[in-house]
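A.B. asks: Line by line, the protein sequences give chains A and B. The first sequence maps to residues 6 to 175 in our numbering. The second sequence maps to residues 5 to 596 in our numbering.
The set of hints was computed from the structure by calculation and includes no laboratory data. Quick reminder that beta carbons are idealized off the backbone N, C-alpha and C, glycines included. Treat the hints loosely; a few may be bogus.
[To be verified] Which chain A residues stay away from chain B? Per the calculated CB distances, all over 10 Å, these:
{"id": "1", "residue": "Ile9"}
{"id": "2", "residue": "Glu19"}
{"id": "3", "residue": "Pro50"}
{"id": "4", "residue": "Lys71"}
{"id": "5", "residue": "Val83"}
{"id": "6", "residue": "Ala87"}
{"id": "7", "residue": "Val93"}
{"id": "8", "residue": "Asp107"}
{"id": "9", "residue": "Ile115"}
{"id": "10", "residue": "Lys122"}
{"id": "11", "residue": "Val132"}
{"id": "12", "residue": "Lys162"}
[What the hints assert, rightly or not] Listed below are the simulated EDC-like cross-link pairs for lysine to aspartate or glutamate, each with C-alpha atoms no more than 16 Å apart in a straight line:
{"id": "13", "chain 1": "A", "residue 1": "Lys162", "chain 2": "A", "residue 2": "Asp94"}
{"id": "14", "chain 1": "A", "residue 1": "Lys71", "chain 2": "B", "residue 2": "Asp316"}
{"id": "15", "chain 1": "A", "residue 1": "Lys141", "chain 2": "A", "residue 2": "Glu117"}
{"id": "16", "chain 1": "A", "residue 1": "Lys101", "chain 2": "A", "residue 2": "Asp125"}
{"id": "17", "chain 1": "A", "residue 1": "Lys71", "chain 2": "B", "residue 2": "Glu325"}
{"id": "18", "chain 1": "B", "residue 1": "Lys137", "chain 2": "B", "residue 2": "Asp168"}
[Stated by the list, open to error] Rough simulated footprint, nothing fancy, chain A against chain B, three-plus residues with beta-carbon under 8 Å:
{"id": "19", "segment": "123-133"}
{"id": "20", "segment": "175-189"}
{"id": "21", "segment": "320-329"}
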Amino acid sequence: MDEIRRHTISLLVENRPGVMARIAGLFSSKGYNIHSLSVGETMDPSVSRMTIVTSGHPLVLEQIVKQLRRLIDVIKVVDLTATGEKFVDREMILMKVNAKGDARAEAMRITEIFRGKIVDVSPETFVIEITGDEGKIKAAVELLKPCGIREVVRTGKVAVMRGPKSLKLV
Amino acid sequence: MAKLKGYQIFWESLLKEGVDLVFGFPGGAVINIYDELVNYPQIRHILTRHEQGAVHAADGYARSTGRAGVAIVTSGPGATNTVTGIATAYMDSSPVVVFTGQVPTGLIGNDAFQEADIVGITRPCTKHNFLVKSTQELAETIKKAFYIATTGRPGPVLVDIPKDVLTGEAEFEYPEKISIRGYHPSTRGHPQQVKKAAQLIAQARRPIIYAGGGVIISGASRELRELAELIHTPVTLTLMGCGAFPGDHPLFLGMLGMHGTYVANMGISNCDLIIAIGARFDDRVTGKLDAFAPMARNKAVGGLGIIHIDIDPTSISKNVEVDVPIVGDAKNILEQLIDVIRTMEVDWEGRHRDWLAQLKGWDSQHPLQYEYSDEVIKPQYVVEKLWEVTQGEAIITTEVGQNQMWAALFYRYKRPRQFITSGGLGTMGFGFPAAIGAQLGNPEALVIDIAGDGSFQMNIQELATVAEYRIPVKVVILNNRYLGMVRQWQELFFDKKYSQTDISVQPDFVKVAEAYGIKGYRIEDPKEVGPFFENLVKMKEAVIVDVIVEREEGVFPMVPAGAATSEMLLDKPASAKNGERLKRLLPLNFPS
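Okay, chain A solo, but in the shape it has when bound (with noise of 0.2 Å):
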C-alpha cells in the first residue's frame, strides 16, 4: 500500500499561455515530481494533450490528479496507470555517439537490433534515433554506452489508450 509507484497520466487542457506554468507551479508547489512531460496540439487546436510520468505514494497520486482536475485550464484528466486499462506508451531518444574506428560498426549494429535510425553521420559520430517504451529506451542507452555517447536529447512520453477507448473532452 504504501510504496512509490510510477503512473502516466494524460490531460487535456485549454491550448493558451501560462497553462504549462500552471502545471508545473502546481508540481513545485504541492513537492510533487515529475519525472516527464510532454505537451502538443491536439486535432483540436485549441487543445492540448499532455502527457505526465510522475511518482508517490498511492494517496499522494490520488492528490495530484485531482489537484490537476482543479485548475480551470484542464479539461480532462486519465491516469492511466490507475485504469487498470492497456495503454502504449512511446518516447523518442536522440544520441550523439562516438563513431570512429570498432564503434562505428558497433553503433550501427546496435541501432539495427533497436530498429533506431541514424539520422546524421560525420566522420566521428552518428546521430541515432530511437523510438520505444522506457525498457527499450533504457536497454538501447546501455548497449549504446561503451561506444561513448556525447549527448542525448528525449521527448519524454507520450501514451494512449490501447483499442477503440480514447479522452474526449467531455
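Fit chain B to the given chain A structure using the hints.
C.D. replies: Frame of chain A, contents of chain B only:
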C-alpha cells in the same frame, strides 16, 4: 451595435454583476477606469489607504454578505500590494475579484515602469487568474471571473487588464451565461455514499460532528442544526466554522484544535465516528496526525472511521484518510442525508445518552475558564463583556494571534457570517480593513474588530478610510504591548526568552485616533469595562478603544505544536494564582 471603450465596458460589466460597492486605489495604469467612475453614480468606490486594505475590505464584505467583494488597483506595486490580501482570501475560500491595471500589451515583458507579472505572482494563491489580451474579451473575462470566484469552493480571482485594453474599443455584449469546459463544480452528493454515511451514523455509539467554514459558505447552518438535533449528536466547530452552529446550543462543544475546548478535543479523541462537514483537517485542528482521533480511526477498538462531506475533492484524504467521502455542496448533501436518516428507526437519544454524559463530565472537569482580576483587565473578560453587552449580535472581526483565539472562544456566535477572521493564512492586519468591508456590507450591524496592538498597527492607515466615509466600526485593542501569541510560545517552549516580541514602544492609540478625527478612549480599570461597552454600542461613529490588559495572559487550553489533540495544557505551568478566583465560563448546558 455601438462600440464602447474598455473602461466603459469595465464598469458596465460590473453593473451587470450587480456590483454597487468597490474598494480600490488609483494609479497610472487604471486612470481611465477612475476617470470613467464619475459616470457611474450607482457604484460606490471606497478609497482605502493601501491596496492590501482594499483587498481585505473586499474580503470582509464578501465573508459577511456571501457576495463577491471587488478591489481595483493599479499595476506594479499596486498589484503586488494585493498579494497578502489575495492569499488570505484564497486560504479561507472567500469570493474576491481583484482587478489590476497592467502596462500596455506592447510593453509587457519590457520591465516597463510599474510593471509586475502579477498573473505569474498570484498563480498559486488565486482560484484562477486572467490576463486580458484584447478589449473584445474584457466583458467575457469579467463574467468568468465572477462565476469562478463565487461558485463551487469560492476563492479569489484576479483579472489583469493592460492599459491599451482599457483605452481600446469593442462592442459590448455581456454574456448571459457562461460555460467553462474545464470547470464543473459538483453540487449533489452521490446517493450511494449518502446511504453509506447514514448506515455508519446509525451504528455509532459516540459520534461527533466536526464542521467548518464550508457550512457557512454553503448556507447549510439550518441543515447542520437539523441533523445534529435529529441524530442527537454533539457538534464541534473549527475556527472558520464559528457561527455555523449556535454557540449556546446544548449540543455545542465549542471550537476544537490547538486552542479548542477541553471537551471538544476530548470528544474528537474519543469518538467512534467523525462526521466532517466543510472542514479540511487542518494541522491546527488535528495536532499530531498519527494521534488524531485514535478511537474513530482504529477499527480494532470499534472505530467506525470518518465521513467527510466537502465540495473540493482535493480536501478529501489530503491529511487524514477518510472512509466515506461525499463530494458536493454541504447544504444539498445534508438535505439528502437528513432524508435518508428520517426513514430509519433509531432511538438516537438513547443510543447517545452515555456519550453525552461523558462529554458533560469532561466539560465540568475543565470548562473554558480564566482567572478574573479586579486590578488588571483580563483580555478574556473584555471579550466576554462585549458578548454580554452586544447580546451576541455583533459582527466580530479579528486580527491574528491571541486576540483571535479569545474572540473565538469567549464570544458565543449565533449565526453564520458573524465571525470574520483570517484562519488559514493567519494574516495580522486583516481584522480592521475586514471590519470596514463588513460594515459597508451590513450598514445596520454593529461591527467590532477585536484587535491586538501588534496587528492593528499593520493596517492602521485605514483609519483615514474610516474617517473619510464615516464608517462606524469599533476597534477594541487588547493591548498587552507584546506580540502576544509568539510571546506565549516563548514563555512555554523557549524559556521565557522574549526575543523581539516586546512592543512596548508604540503610539498612543487614543491620540492616533484623534489625529484622524476619530474618537479614541483608553480603559485600564476592570470596573470601567462593562459601563464603557454599554455606551460604546450606542455610539453611531467609529471608535478606537485602547484596552490595557494583563501583559502575560495566555490562551488556554493549548495543544502544543506536534502534540496529540488530547494532550492539552490547561493553564500556565505552575501558574501563580491569587487564590481560587477562576471564573468558570460558558458551561455547556447539555440536557441531563
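A.B. asks: Return the numbers of the hints above that this structure violates; sort them in rising order.
C.D. replies: 2 and 4
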